[in-house]
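Novice: Sequence:
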Amino acid sequence: MTYSTDKPFTSLDDQLKMLKNRGMKIDNMDYAKQVLLNNNYYSVINGYKDPFLRKDNMGEILKPEMFIYRTTFSDVYTLYGFDRDLRNTVLNYLLVFESRLKSIISYEFAQKFPDPYSYLNIVNYSDDISDLSNVLKNLKNLSLKLNRGRNERYGKPSIIHYVKQHTHVPLWVLVNTLTFGEIQYFYDALDQDLKEKVARDFSEYYKLHWRASEKIDTGELKSLIIIANLFRNVCAHDERFYNYSLRIKIRKSLFSKYYVNNPMFDDLEKPVDLFGLISLLALVLTRKQFRAMTYSVNNLVKKNNYKLKSIGIGEVLDLMGFPKSQWREKIQVKSN
Numbered sequence: 001m002t003y004s005t006d007k008p009f010t011s012l013d014d015q016l017k018m019l020k021n022r023g024m025k026i027d028n029m030d031y032a033k034q035v036l037l038n039n040n041y042y043s044v045i046n047g048y049k050d051p052f053l054r055k056d057n058m059g060e061i062l063k064p065e066m067f068i069y070r071t072t073f074s075d076v077y078t079l080y081g082f083d084r085d086l087r088n089t090v091l092n093y094l095l096v097f098e099s100r101l102k103s104i105i106s107y108e109f110a111q112k113f114p115d116p117y118s119y120l121n122i123v124n125y126s127d128d129i130s131d132l133s134n135v136l137k138n139l140k141n142l143s144l145k146l147n148r149g150r151n152e153r154y155g156k157p158s159i160i161h162y163v164k165q166h167t168h169v170p171l172w173v174l175v176n177t178l179t180f181g182e183i184q185y186f187y188d189a190l191d192q193d194l195k196e197k198v199a200r201d202f203s204e205y206y207k208l209h210w211r212a213s214e215k216i217d218t219g220e221l222k223s224l225i226i227i228a229n230l231f232r233n234v235c236a237h238d239e240r241f242y243n244y245s246l247r248i249k250i251r252k253s254l255f256s257k258y259y260v261n262n263p264m265f266d267d268l269e270k271p272v273d274l275f276g277l278i279s280l281l282a283l284v285l286t287r288k289q290f291r292a293m294t295y296s297v298n299n300l301v302k303k304n305n306y307k308l309k310s311i312g313i314g315e316v317l318d319l320m321g322f323p324k325s326q327w328r329e330k331i332q333v334k335s336n
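The opening residue of the sequence shown carries number 1 in the UniProt record's numbering; numbering runs sequentially from there.
Everything labelled a hint here was simulated from the structure, so no lab data went into it.
Don't take each hint at face value.
[Claimed, not checked] Taking lysine-lysine and the DSSO-like style, the derived pairs with C-alpha atoms no more than 27 Å apart in a straight line are:
(1) K197 to K112
(2) K207 to K222
(3) K215 to K140
(4) K156 to K137
(5) K257 to K303
(6) K324 to K307
(7) K215 to K49
(8) K63 to K222
(9) K197 to K222
(10) K215 to K309
(11) K334 to K249
(12) K197 to K215
(13) K17 to K55
(14) K215 to K17
(15) K7 to K20
For clarity, every value in this text was computed on a predicted model and none was experimentally measured.
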């Protein structure tokens, strides 16, 4: 078998020489080498170079690639670091939503079906034919988690404990081993009565903490789960986050009722981007949590505004889907 050599190994010196030939300014070669050695050329440069490349009048990157005037190595690495910090900040609050979703689903399901291992019984799920694939996928996920978790050598201590001491594993224990994607299948597999109870619990929580009157219905909650899960996957795989947007269509008009004047939900053709995600997290976080998240994001924006030399932070915000000014005011939630 022969292998292609169109992407041969390139030394750190050659990598930096190539960047300089494309117009990048590198003030400290030793520092730049350490950055690339410890963070990977592909991750730092290929992942974050685009905003710094010359473009034609249509916004298309010119070939061969050349950096815009005054672009420094530190500029690209600053954007890389900004994205890492931004990803970690938002992930913290996606995890809050994930944890609450698991807790509410397991509580409502166990209350309705209290028998041991009732979550493995297909009759306890939706009988709608359109939900069948989700039901089967959910049962498979739960069975695999249970079997792997009870293994004496590499299983989960919590599951092993319940198997030994109580002969069965309650759903509220097993649910903590599920990924966000797996809990999404679980929600989709629920019967309509349970879906409405879960949505009601989120509605009551939202009304309590925001002093709001709007009700989160099952369709809206499903969209929230889909959106959060897709962004969560980006975080889990350490992928570029700041300019990520959904490729799937979401009925954004469903959510305009929750906000005073949010531009995210005016343009129905615009995909859900990071600004959209942050806006929607207001519906599943407390007011205090939401303010803490937006405060942290705003601090990151201000801190990195002074570090970028060749482009302004406004250009980065635009790629994130953020309004050009006063973005925190645009996500104001309606309250009584």
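Novice: For each hint, tell me whether it holds in the structure or not.
Specialist: Structure-based check of each hint:
| no. | hint | verdict |
| --- | --- | --- |
| 1 | K197 to K112 | holds (11 Å) |
| 2 | K207 to K222 | holds (18 Å) |
| 3 | K215 to K140 | violated (33 Å) |
| 4 | K156 to K137 | holds (22 Å) |
| 5 | K257 to K303 | violated (33 Å) |
| 6 | K324 to K307 | holds (19 Å) |
| 7 | K215 to K49 | violated (43 Å) |
| 8 | K63 to K222 | violated (43 Å) |
| 9 | K197 to K222 | holds (13 Å) |
| 10 | K215 to K309 | violated (45 Å) |
| 11 | K334 to K249 | holds (25 Å) |
| 12 | K197 to K215 | holds (12 Å) |
| 13 | K17 to K55 | holds (22 Å) |
| 14 | K215 to K17 | violated (58 Å) |
| 15 | K7 to K20 | holds (19 Å) |
Figure legend: structure checked against the earlier numbered hints; hints not met, in rising order: 3, 5, 7, 8, 10 and 14.
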